[in-house]
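From first to last, the protein sequence lines are chains A and H.
Numbered according to my numbering, the first sequence terminates at residue 270, and the numbering increases by one at each position without gaps.
Numbered according to my numbering, the second sequence terminates at residue 270, and the numbering increases by one at each position without gaps.
You can take every hint at face value.
For chains that are exact copies, the list does not tell them apart, and a pair is met inside one copy or across any two.
Below, a list of computed lysine-lysine pairs in the BS3-like style, where the Cα atoms sit at most 30 Å apart:
| id | residue 1 | residue 2 |
| --- | --- | --- |
| 1 | 207 | 233 |
| 2 | 192 | 248 |
| 3 | 233 | 192 |
| 4 | 252 | 207 |
| 5 | 192 | 252 |
| 6 | 207 | 228 |
Source of the hints: derived by calculation from the structure; they are not laboratory data.
2 protein chains.
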Amino acid sequence: MIKAKVYITLKPSVLDPQGKVVMNTLHTLGHASVSEVRVSKFIEIKFDTDNEVEVRESLEKICDKVLANPNTEAYSYELETGN
Amino acid sequence: MIKAKVYITLKPSVLDPQGKVVMNTLHTLGHASVSEVRVSKFIEIKFDTDNEVEVRESLEKICDKVLANPNTEAYSYELETGN
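Please construct the entire structure, taking both the sequences and the accompanying hints into account.
Shown next, in the form of structure tokens:
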């Protein structure tokens, strides 16, 4: 079994209105030292195989076609090999 | 400056319908070895301070009161001290 941790983040040049709202809320609650908030997605995917090459190939397609919007989002991932 | 990486994940006992939909989509697209998908939030917060104790105190409150729903979600975070 291979577990992939996939991070889908907005590209740095893209405005993050949700993060802005969270930041304003935190300021209102007195957390004055907060200077930036970015909200992203974190997706865990388990694969029933131990073939890392195959998993990486699948993941590239999955991120490109399903999980991330290539216009505004970037992705990265880590693999964990487990029992 | 301290950067916090916050992970808001559904508790293991809580069903993740969004993850289920993603998994079904991946099966339809031929990624048959995918056995589980869980969708979570990943939030980056920058603090304009180098006081780690203060940041940890803030983060506990922020996660408990703003970011996570304690009934269904768990949180964890890592701190990075930067320039």
